[in-house]
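Just so you know, the protein sequences line up as chains A and B, in that order.
Each residue of the first sequence is one higher than the one before, counting from 430 in the working numbering.
Each residue of the second sequence is one higher than the one before, counting from 70 in the working numbering.
The hints are simulated quantities; they were obtained by calculation from the structure and are not laboratory data.
C-beta atoms are modelled at their ideal positions from N, C-alpha and C, and glycine is treated no differently.
Zero decoy hints are in this set.
Which bits of chain A does chain B cover? Going by a derived footprint, with three or more residues having C-beta under 8 Å, they are:
{"id": "1", "segment": "593 to 607"}
{"id": "2", "segment": "610 to 624"}
{"id": "3", "segment": "632 to 645"}
{"id": "4", "segment": "653 to 662"}
{"id": "5", "segment": "667 to 679"}
Single-letter residue listing:
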Amino acid sequence: MNILPIAEYTIMENIRSKIFYILLLFVLIMIGSSLVFSSLAPSTEARVITDIGLACIEMFTLMTGIFAAVNLVLQEIENRTIYLLMTRPLRRWEYIVGRYLGVLVILCFNIVTMLCVLMLLLKVSTNWTLDPMFIWSAITIFFKMIIIIAIAMTASLVFTSSVTAMAFSFLVWVIGHFSSELKLMAEKVQSLLAKGLLYTLYYTVPNFQIFNLKDKLGIPEGMPMDVIALVLLYGITYAVILLVIGSLFFARKEF
Amino acid sequence: MRRGIISIIILAVILFKLQSTIESRYVYPFPPLTTMKYVEDNPYLELGGLFFGLRSLAADIAWIKTLQYYGGPNEDAIKEEHEHHTNEEEHEGHHHHDLHDNDMTAYRKLYSLCARAVWLDPYFMHVYSIGSAAIGFVQERYDEAALLLKEGVVWNYDPNNVQYWRMNYALAALGYNKVKDYKNTIAILEKMIDPVDSPLILLRVLANTYEKNEDYEKAIKMWRFISYKFPEETEHANKKMSYLDKRISEIK
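One chain only, chain A, in its complex shape:
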């Protein structure tokens, strides 16, 4: 199995590219926002810091994740270092999966670090108490990344242009969050064509809204555990499909 060495190589490559500087930026934004919001909204300080923190975690992870996933394979093709790898007894799908897992490990480390900083800040600056949904919301952020990284990587193999792949991934991210609204619109719209288009979008684009537990932190009943489990399974299945598609495209490339 060559997946693990490839993943390890990806992690080292990301560390060398100083991707962790984003964590420093996160710490600065969090400290700054906690100072500002403690004076602007004194009675909702913990809520505001939590929301900003989780939003920053998601956005920073999204940006670093898409950027890393899109450029990993494309840069290797451009620099022709991939030829060297392909001469080794390595299956192409193993290369794709190894690269993918490497990026995920880096993102997971980033999320955990940022989450620890956020929790520390909340503990120090407010009378915050840990809610299990808070941890689940961070876990579902990671599962959103599992999908979007697979999309970005597959898009880079299909489009072979990093800008197009990044724009495509970002578009899917936006539509995915609008998914529940798309369904409501599809139910109301009269035109059959529009209805068909909206339903197609709804069923093909991943529904990121169901992963959005950070927006459900204030809801008393939260989300049942069995539904969370199904959502996580949905994320994994979606990512696997995309990786299979990506591997098929990669297998057809000639080096």
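Given chain A, put chain B in place with the hints provided.
Using the frame of chain A, we list chain B on its own:
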């Protein structure tokens, strides 16, 4: 290649099944786009909240904007005063009248700003409690305050949650206050307000209602508590306490 396509088809079927199961169990927890009523010229918060899955953060920003509006100068009343002033100068000559906190024209946008915040996040309890107190008890626009609270009651129905009951109490207190039944208003406010974790505005409402009910000693006690809990309010609390002391001595 063939194996890959077959596995994609099998996984797609599993995915579809999973999605249908989740769909039957998952309730979209927010008001849909079609119910959006109060949109500013630039609906960046609504769009950001919807397209990036950041509704809760967008609601926080909307709420901060509301607090800034309410904490700032009463532009609506000033504008109205200016128009009134200009008209009177034109027709009858110079005339002045004071602006009061509970002027019906004051902070006219307050309800729509609160409604915007709770459209983004209908589970944002602070907006209901602080917003309805400001609109209803301070500005005396009872119908708007009741509308905001009713929205909160519908979205946050949970008999086991103390916040749900507080919203219902607030609705009842507003009703009594509207007909100037201060005795019953106080009875309900006392049930509703927990001095330890209540926002300042509710404590002020309670202190002022004691005063309206001529229960000056309780009012002084509440202002003393306010000045202890919120040191920035000490100056205002001291003024109120000396005024209330005078009232007590007048009566004696």
